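Chemist: Assemble chain B onto chain F, guided by the hints.
For the protein sequence lines, the chains are F and B, in the order given. Residue 736 is where the first sequence starts when you use the working numbering, and the numbers rise one by one after that. Residue 329 is where the second sequence starts when you use the working numbering, and the numbers rise one by one after that.
There may be inaccurate statements among the hints.
Said to hold, decoys possible - Stretch-level coverage of chain F by chain B, calculated; a stretch enters the list once three of its residues show a Cβ under 8 angstroms from a Cβ in chain B: (1) 811-824; (2) 965-979; (3) 982-992; (4) 995-1008.
Everything labelled a hint here was simulated from the structure, so no lab data went into it. Computed from a prediction, not measured in an experiment: that's the story for all the values here. Think of the CB as a built atom: it goes at the ideal place given N, C-alpha and C, for glycine as much as any other residue.
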Amino acid sequence: MPNAAQWVQERLPVSGDQLRELTNEPVPYHLKRWWFALGGTPAYLFVVQIITGILLAFYYEAAAASAYDSVRYITEEAAFGWYIRSVHKWAATLMIAAVILHQMRVYFTGAYRKPREINWMVGMLLLICTLMTGFTGYSLVYEQLSFWGATVGANIADTVPYIGGFIKNMMLAGETYNEHTLSRFFVLHAAVLPATMVLLIAIHIMIIRLQGITEFQFEDEKVGPKKTFNFFPDHLYTELMIGLLLMIVLSALATIFPATMGPPADPLVTPEVIKPEWFFYVAFRWLKLFTGTAAVLSMGFIVFTMFAWPFIDDWIRRKTRFQEASVWIGIAGVFAIVALTIWEAVVRH
Amino acid sequence: MTLETKRLIIAALGGLFLLSLVFVQWMETARKAEEAGLREAHVAVPASSKACVDCHVQANPGIVDHWQGSTHAEKGVACVECHQAAEKDADAFPHYGVTIATIVTPRDCSRCHTKEGEQFAASHHAAGGNILASLDNFLAETVEGARMNFNPHSPTPGKAVESVNGFASAFSGCQQCHGSKVALQSTDGEMITVDDLAPDADGLPTNLDAVGKIVRNDNGRPLFHPGTWPNTGIGRLNLDGSRGSCSACHSRHDFSPRRARQPENCGKCHLGPDHPQKEIFEESKHGVAYRDLKDDLNLDGETWVLGQDYSAAPTCATCHMSGHLRNGGEVTHDPGERISWTNRPPVSLVMDTDIHHAIVKETDPDKRRALIYDSAENKRDRMKQVCSHCHTPDYINAFYTQYDDLVILYNEKFAKPGQAIMAALVNEGLRTSTQFDEEIEWTWFYLWHHEGRRARHGASMMAPDYTHWHGMYEVAERFYMELIPQALEMADHAAETGKRAQARAVRTVVADILARPEHAWFEGGAEGEMAKIRAEMEKRYGQGKDGP
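Chain F extracted, bound-state conformation (with noise of 0.2 angstroms):
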């Protein structure tokens, strides 16, 4: 009788020293710090979205009837519901976390530099994609901010010249709030972002064992023989550490600091104070500062100009005798988009 892997690789004729090969490929020793290993949390954070969200899906109702009735039975009712519900909220914010944080190091230490420079267009992609999900998510609660938070958001976009009224258009299904805006924003949240999310991850992984992990030289390490390690299981492990104690994490904010339910929408009554989810302050605070179009351009300037990053460096790597330019530019970027959230957080209005 054959044995069973002899069954299974006569059905797929790919042998255990193949897939090795496939997936050990030697990784630059500088991923031993966990710092560079952020790449893998959104990623690792992400099935953790699709897993719950699956879950949630079950249950909920993308309905204005029966939204947030739904999500109240998912919360107090269903079993389990209310920690599936909370890894998935906290399982968000930590990734758009992560996500932030794993730009930021590709920024300082230059990894986006030549010939990297379609990744982190890819990476600038899959930054929106999330915030994106984070936002239609919010909405889909169907309480108060839930509503005037996507009502203020596609009014927003209404600013925007010649296209502004239909991009509101697309995004309410409608000229205002209306029943079919939810599940519009539930198409979008479950199936329209997550799936171009995982054909972005693809193409950023692809590129990334295409072109190899970006080589670091450290000041303070002496220029040797260049060391790598295995990624399976070496790597593997670490990611799998990272995981675990994301899980934990996350186990820990949901029982402690579980979802909660605010007043359910109201169409005729603005709360008093609308806020968006945190990842939000700062667009929000920078809306306030330059009310209108002119604040809508300018903020569309700065996503084209973080897209366009990389050749704008190139060009002033070769033009002036400023070198390191992008650091200073980003620490000045990251001291504005702290200094505009904190200030958004302080305030009531």
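Modeler: Frame of chain F, contents of chain B only:
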């Protein structure tokens, strides 16, 4: 880091994660068990009350069991926290090393529930004990009973009745809702009440002579007058000068918010011939919805905010006391805060109140405006906020028009004329100043106190049967068939006994009233009115020939 170290860390983290999942599972199981009633909610017995619980679980297991199901028990608020007393309190006594008092007053509850205490103290509920000197009181103490003990009529076989307590009807009747004047037994056979103790701002008695006369048992426990205690009347006059009893609505010892949210709770007092609010509610669409949808009302919710925690149906608490989305979920313990008419007196008054929460009776517009601290309009706006969770502004405003019109119709057509006739009879000396000794006084009492209130309360809570058949129909019948004939008969009798001028004066008042257009049908006849109604019916429904 070596691979071996990594493996160890992964094992540790994996174990920790597994533990966290076990913890989550434990929380989930505990939650489900509590929800299913299989496990008692967590109870924290503070050290101060451990001895009380251990002993009273034998002596009064019901009390302890109720308390264990309460939020108080979850939060570690137990016997001593509520029953503790200052040594100088009139009703304090040492009990196994702790100084306690039997009766927990709003002053005691206010130690933690300060805002609730203040709102309640400002409410009409807290003034419920004012009945102790009212017409109703006279009925119970004098007409139904006697303001004394008297000898029994004849022996009662099997029961040695030596003396009849004339106050029994007041004690067991009126005062159970309105509140008793709590009294301690005095060594001289009298009662010691708050009036005798003259408590200071802290509720401690200042008249030590009275304190010295308190009858105590061998353990030093003061003895209450059994007519005045037990009592959970809403306006109870307590020995410490506070008014009311929180357990009137929040029945002890579980102080269940669930119960306070249900109309049955209010129905202990708000029912019966003179103010059948509970029956009125039951007849209304609100009450019908409540009975049908009670299970959807989230009555056990930690908060109970209309529009957030429930919207299936309103209860008394919903409209008069509970929080809602429009007011940020604020509960009020002053149920008058949202009431714009008082339908209690013979003639309804607009509920403009002064700084002392008393109804402004000033008629001069400028003086009146200066006195108003919280206007009826404000109160109505607060109620409208509640209504607007389920009704549109047009609907609400039109309802209030209907309500106002009914109250004003009652006031103008029956109550004010009735008052004028009753006043004329007294002014002309045709009736005595003693209440209820003449037939017409019973007639008038029925008219406003029973039927008139029913009509007005029926309209206030959308109960058509109470507004009409138990209300205005009976008011009208009482007015035309009893009050007017009785007044005229008294005038005739006066004329026969030589009081012609007085009789004429009363007849003039009655004639002036009946000459008004709204009463013209009574003596002038209403021929043609039925024909008009029938024609209208025919126009509206295409029938009417065989109508009633």
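Chemist: Next step is simple, just say for each hint if it's right about the structure.
Modeler: Consistency of the hints with the structure:
1. With 3 residues having a beta carbon nearer than 8 angstroms to a beta carbon of chain B, the segment 811-824 of chain F meets the requirement of three or more and the stated coverage holds.
2. With a cut-off of 8 angstroms between beta carbons, the segment 965-979 of chain F has 7 residues touching chain B; three or more are needed, and the interface restraint holds.
3. Here's how the segment 982-992 of chain F fares: 6 of its residues keep a CB closer than 8 angstroms to some CB of chain B, so the rule of at least three is met and the hint holds.
4. Closer than 8 angstroms: that is the beta-carbon criterion, and the segment 995-1008 of chain F has 4 residues meeting it against chain B, so the requirement of 3 holds.
Going down the numbered hints, you'll see the structure goes against none, and every one checks out.
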